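Note that the protein sequences, when read in sequence, are chains A and B. In terms of the numbering used here, the first sequence has 75 at position 75, counting the first letter as 1, and numbering is strictly consecutive. In terms of the numbering used here, the second sequence has 387 at position 387, counting the first letter as 1, and numbering is strictly consecutive.
Hints in this document: simulated from the structure, not taken from any laboratory. Among the clues, some could well be false.
Stated by the list, open to error - To be clear about the criterion: a stretch of chain B counts as covered by chain A if any three or more of its residues have a C-beta under 8 Å from a C-beta of chain A, and this derived list gives those stretches:
no., stretch
1, 17–26
2, 451–460
Stated by the list, open to error - Some chain B residues judged to face chain A by a derived CB distance under 10 Å, without partners named:
no., residue
3, L39
4, L186
5, R208
6, N210
7, F335
Unchecked claim - Computed cross-link-like contacts, EDC-like style, restricted to lysine to aspartate or glutamate with a CA-CA straight-line distance of at most 16 Å:
no., chain 1, residue 1, chain 2, residue 2
8, B, K404, B, E447
9, B, K457, A, D454
10, B, K372, B, E67
11, A, K202, A, D173
12, B, K457, B, E447
13, B, K198, B, D240
14, B, K451, A, D241
15, A, K202, B, D7
16, B, K194, B, D240
17, B, K451, B, E410
18, B, K372, B, D66
19, A, K286, A, D159
20, B, K11, A, E208
21, B, K404, A, D229
22, B, K372, B, E156
23, B, K194, B, D269
24, B, K451, A, D457
25, B, K372, B, D7
26, A, K286, A, D194
27, B, K194, B, D246
28, B, K457, A, D229
29, B, K457, A, E208
30, B, K457, A, D237
31, B, K194, B, E156
32, B, K404, B, E489
33, B, K457, B, E490
34, B, K451, A, D237
35, B, K198, B, E302
Remember, predicted model here, so these are calculated numbers, not experimental data. For each residue, glycine too, the CB sits at the ideal point set by N, CA and C.
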Amino acid sequence: MTAAADDMMLKLQSLLTYDATSPLIFSSGLFLFLFAAFLLIYNSLRNTTTARILYVVLFSLYFYYKSSGLYFLLLLFAATSDFLIARALFRTERAGARRWWVALSVAVNLGMLAYFKYTNFLIGIANDLFGAGFLQFRNIFLPVGISFFVFQSMSYTIDIYRRQLRPLNSWLDYLFYLSFFPQLVAGPIVRARDFIPQIRRKPVVTREMFGMGVFLILTGLFKKAVVSDYISLNFVDRIFDEPLLYTGFECLMGIYGYSLQIYCDFSGYSDMAIGIALLLGFRFPKNFDAPYKSATITEFWRRWHISLSSWLRDYVYISLGGNRKGRFRRYVNLLLTMLLGGLWHGAAFRFILWGALHGVALALHKVWLAVVPGAQVSGAQMGRWSRAAGIFFTFNLVCFGWLMFRAESMQTVSLMLHQIAFDFQGTMIPQVLSGYAGVFGLMAIGYALHLMPDRLDAVVQRRVTAAPMLLQVVMAAALIWCVMQIKSSDIQPFIYFQF
Amino acid sequence: MNKLGEDYTSKSWLAVMALIAVLVAVGFIPPQSIGGVKLRRANILSDLVSFDDAPVANTVFEPSDDEVFRIDMDSVAGCIVAVDTIQRAAQIVYEWRTASDTVVRELPVVPDSVRRSPALVPIEDFSDGRMAAFFDTLLSARRPVRIAFLGDSFVEGDILTADLRECLQQTYGGGGTGFAPMASPLTAFRRSVKTQSKGWTSYNIMQRKNTPEALRSRFFVSGWVCQASAGASTSWTCTDFREHLDSSNVARMFFISPSDSRIELTLNDSLHNSFAVEGDEVVREIVVSAPQIRTLSFRVAEGSSDFVGYGALFEGQGVSVDNYSIRSNNGRALFWTNPSVDAQIHAFLQYDLVVLQYGLNIMQQGVYVYGKYGAQLDQMIAFVHECFPGAAVLLLGVSDRSVKTENGFEPMDAIPYLTACQRAAAERAGTAFWSVAAAMQTWGGMETFVKNGWAGKDYTHINYAGGRRVAWSLADAFHAGAWAAFEREEERRSHTIAQENVLDSLQYGRIRHTLLPDLVPEPTVGLE
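All chains, please: the whole structure from these sequences, using the hints.
Right, dumping it as structure tokens:
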């Protein structure tokens with residue numbers, strides 16, 4: 001074997017083994033090749049159900065191993081534990097015992113989440129309370145996607161507890177549900193009751209599903225790898241790093257930029273996941289529905305990360321008593337649900353604050369709906385001008401929330417607000433716009449596409465869906481070529497260009 | 001079955017394979033430039049196969065501002081010769097002492113032997129003893145040791161210098177934040193001193209075309225001139241951003257008052273004083289000494305017309321590091337300063353070392369020949385030698401910077417070439433040289449800086465945390481230089497003592513005569 005071939009084999013080997021610094025993501029070249037290899041065998045196993053399930057499970061575990069190494073064992077543990085608990089729960093009749101079983105499942109799941117995600121956060125709080133050095137911080141690896149699969153697994157046992165679902169008979173089927181690679185690392189949080197009926201069904205991809213899958217993958221890729229990646233590296237990150245270096249206008253645009261970035265990043269990845277699942281014959285529910293078109297905060301949470309907000313509603317808000325225990329308890333429940341929702345996003349006070357902001361806003365909106373005659377929940381029920389005002393207000397409120405979500409400390413939050421309030425420097429706007437033409441161009445395109453009327457959106461979707469396969473391949477190649485150009489493009493220099 | 005109901009299950013694979021085929025084929029298209037837009041090779045197999053794409057850029061650096069550097073050094077020297085005469089013609093120093101005792105620097109000092117950087121990057125000394133003399137001063141002068149740090153946005157806001165100052169003051173004594181401008185839009189960013197100014201219009205040297213004609217000839221190396229309106233005032237408050245910032249006991253304010261004026265000072269919010277200044281074009285200095293200066297307010301109470309403020313310098317008895325950063329300056333702004341103003345302020349301060357940190361904004365990927373920039377550097381160093389006579393010069397090599405390639409981030413390929421050009425300029429001009437890029441590499445390079453949150457995501461600018469690391473490396477290099485001076489001095493002293501202890505014939509005779517005065521002297525042949 002020649003040295004060049006040896007070298008290539010070594011590269012290939014390192015490419016295919018676990019590397020914490022380069023998790024396998026849908027927008028990588030490696031995934032494209034792995035997916036091609038996967039599809040070849042997947043198609044040939046269409047008619048042999050168990051072999052197909054086993055094959056998908058093995059590929060999913062490999063997908064997880066590539067990002068988290070041996071922690072794929074944790075996934076096996078979670079699947080085994082809830083599979084067994086669910087069966088025991090189903091067989092138990094006594095209400096008290098059933099409650100113990102479901103509590104055990106919740107404890108195991110939340111225990112895993114708490115250990116891996118929140119240990120150092122809790123140690124930090126203990127050290128703040130009892131003095132530095134009270135407890136040592138621990139070096140704990142955060143397994144990728146743990147927040148998602150833990151919530152998925154809990155939806156399964158809680159639904160069985162509520163007698164809304166029958167448990168699965170096969171452990172492999174349950175592992176398939178929990179580990180299915182399209183939604184494994186970043187959602188959507190697919191409910192067991194939506195997914196289970198699809199597991200053993202012979203996968204059929206209709207022309208419509210294929211077209212829709214391609215459309216979602218392309219839009220997702222554009223959002224994630226073009227808009228989000230470009231504006232974060234070339235604009236948003238540097239502003240949040242050192243707000244005082246920038247004018248108030250740039251800080252404001254940094255917040256609007258981040259709002260677009262987080263939407264494109266998150267929903268783009270969800271879109272790709274839903275699209276890939278469609279190509280495999282699985283239908284996932286919609287996860288994002290143009291959230292910045294919301295005219296109220298309640299509407300926002302019906303459009304933003306729908307799989308999470310509906311999970312929180314069904315398993316936290318309703319479990320806390322929902323709106324069944326009087327108006328005041330309803331507001332408290334909303335606030336608690338959103339606080340937990342905030343904490344789910346990350347182990348830091350700023351996420352709790354972000355949750356609190358949304359909780360308070362949701363509660364106030366409920367008060368508003370009760371007090372103001374004619375107040376509406378969603379923009380579609382409003383007149384044109386009230387809708388526009390509502391969208392403007394809601395968007396800025398949400399952006400203020402994102403400021404807390406993104407800023408590394410409360411000091412950064414106050415510096416950003418200080419710059420916007422006291423150092424806006426409107427005269428610099430033309431210079432900033434021309435200095436960051438690429439960034440602002442992409443932001444404008446991003447927001448324009450987002451705010452596009454639903455009808456126009458549907459037309460584009462239909463066109464791409466119905467296009468001949470060859471044209472779709474060309475479109476995909478063109479988009480990937482753009483992604484690669486952006487990926488290796490020069491970094492946008494600071495506005496003053498020279499240093 | 002209608003078209004949309006057709007089964008596409010097995011077609012997904014075909015589609016993905018077709019996509020891969022197209023992308024692999026596209027990977028063979030070499031990089032090119034279409035209508036000025038650079039298109040890179042889009043290689044889907046970049047993890048496995050790489051292409052050796054030669055840079056298409058012109059590899060020779062062509063400066064666009066060369067005429068700025070063609071300055072007549074004789075006229076610069078002429079301006080400076082006149083400084084003595086100008087300064088003799090008027091009262092130039094106003095003093096306010098609130099402490100009865102004069103504090104002098106505590107000696108001896110011993111250089112720090114604890115290294116804080118991963119590996120020592122030593123200062124390369126091409127000077128004919130000036131750098132060694134600086135280290136001797138650092139160890140043994142009873143007066144403050146002053147360092148002027150001239151740079152670009154890399155050190156803006158006291159980045160790097162705040163920590164260099166802290167390290168040096170820790171070892172060699174001193175306190176205070178050094179120079180702080182009278183007013184500038186950037187003062188909010190500087191965390192090592194809090195500046196509140198009112199009633200000043202500040203002009204930046206880089207936008208000197210927007211600066212009123214009368215002020216264009218007033219620029220100092222600080223890069224800002226501040227024009228006072230009636231009642232203009234500035235208040236500086238020390239912070240606890242770094243150690244020793246609150247232990248300043250001398251403040252010096254620099255200004256030009258072409259017409260008669262009255263200046264009011266408030267020290268530590270409690271003591272007041274005012275100075276009547278007779279109108280003259282010369283640069284003036286007010287020196288305030290106090291046991292501790294925490295807050296100082298400067299107000300132009302009367303005569304603000306044409307009054308120009310530069311700033312204040314806060315120092316203690318030890319090392320003072322003054323940050324003079326000018327954003328987007330490649331060094332050319334030096335020639336837009338007034339050599340006379342530079343020299344007049346230098347006459348007050350007597351800088352011991354001038355550090356020059358430039359080059360980031362002329363370095364370009366794929367550009368390897370920097371001969372013309374080398375010639376510009378020669379001019380810059382000559383200018384500094386003229387305006388800061390007696391000061392040693394330390395030229396810093398360009399800092400590390402990363403660029404994005406299809407394989408991720410890599411150090412800019414031009415770094416070694418520009419560094420070599422800068423080192424050669426230092427050698428030609430007989431100054432010292434220190435490579436910032438080499439120092440940053442010992443910490444892991446720019447990629448590590450960004451990963452650790454020590455540098456911005458433009459992979460070019462460091463922040464305070466990054467500045468701290470580079471400052472540690474530079475302080476280590478200073479300590480190493482000072483150690484060498486310290487050992488030289490120790491060796492010299494022990495040599496002197498050893499010489500004093502030698503019992504030669506003369507001493508022997510003297511001792512003998514003292515002890516036994518009546519004895520007849522012995523012949524000393526045997527001892528000779």
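Hint check:
{"no.": "1", "hint": "17–26", "in the structure": "holds (count 7)"}
{"no.": "2", "hint": "451–460", "in the structure": "holds (count 6)"}
{"no.": "3", "hint": "L39", "in the structure": "holds (7 Å)"}
{"no.": "4", "hint": "L186", "in the structure": "holds (9 Å)"}
{"no.": "5", "hint": "R208", "in the structure": "violated (15 Å)"}
{"no.": "6", "hint": "N210", "in the structure": "violated (12 Å)"}
{"no.": "7", "hint": "F335", "in the structure": "violated (16 Å)"}
{"no.": "8", "hint": "B:K404 to B:E447", "in the structure": "holds (11 Å)"}
{"no.": "9", "hint": "B:K457 to A:D454", "in the structure": "violated (36 Å)"}
{"no.": "10", "hint": "B:K372 to B:E67", "in the structure": "holds (12 Å)"}
{"no.": "11", "hint": "A:K202 to A:D173", "in the structure": "holds (14 Å)"}
{"no.": "12", "hint": "B:K457 to B:E447", "in the structure": "holds (10 Å)"}
{"no.": "13", "hint": "B:K198 to B:D240", "in the structure": "violated (24 Å)"}
{"no.": "14", "hint": "B:K451 to A:D241", "in the structure": "holds (13 Å)"}
{"no.": "15", "hint": "A:K202 to B:D7", "in the structure": "holds (12 Å)"}
{"no.": "16", "hint": "B:K194 to B:D240", "in the structure": "holds (10 Å)"}
{"no.": "17", "hint": "B:K451 to B:E410", "in the structure": "holds (13 Å)"}
{"no.": "18", "hint": "B:K372 to B:D66", "in the structure": "holds (8 Å)"}
{"no.": "19", "hint": "A:K286 to A:D159", "in the structure": "violated (21 Å)"}
{"no.": "20", "hint": "B:K11 to A:E208", "in the structure": "holds (13 Å)"}
{"no.": "21", "hint": "B:K404 to A:D229", "in the structure": "holds (13 Å)"}
{"no.": "22", "hint": "B:K372 to B:E156", "in the structure": "violated (26 Å)"}
{"no.": "23", "hint": "B:K194 to B:D269", "in the structure": "holds (14 Å)"}
{"no.": "24", "hint": "B:K451 to A:D457", "in the structure": "violated (39 Å)"}
{"no.": "25", "hint": "B:K372 to B:D7", "in the structure": "violated (68 Å)"}
{"no.": "26", "hint": "A:K286 to A:D194", "in the structure": "holds (12 Å)"}
{"no.": "27", "hint": "B:K194 to B:D246", "in the structure": "holds (12 Å)"}
{"no.": "28", "hint": "B:K457 to A:D229", "in the structure": "holds (12 Å)"}
{"no.": "29", "hint": "B:K457 to A:E208", "in the structure": "violated (42 Å)"}
{"no.": "30", "hint": "B:K457 to A:D237", "in the structure": "holds (7 Å)"}
{"no.": "31", "hint": "B:K194 to B:E156", "in the structure": "holds (15 Å)"}
{"no.": "32", "hint": "B:K404 to B:E489", "in the structure": "violated (49 Å)"}
{"no.": "33", "hint": "B:K457 to B:E490", "in the structure": "violated (47 Å)"}
{"no.": "34", "hint": "B:K451 to A:D237", "in the structure": "holds (13 Å)"}
{"no.": "35", "hint": "B:K198 to B:E302", "in the structure": "holds (15 Å)"}
Hints 5, 6, 7, 9, 13, 19, 22, 24, 25, 29, 32, 33 from the earlier list are contradicted by this structure; the remaining hints agree with it.
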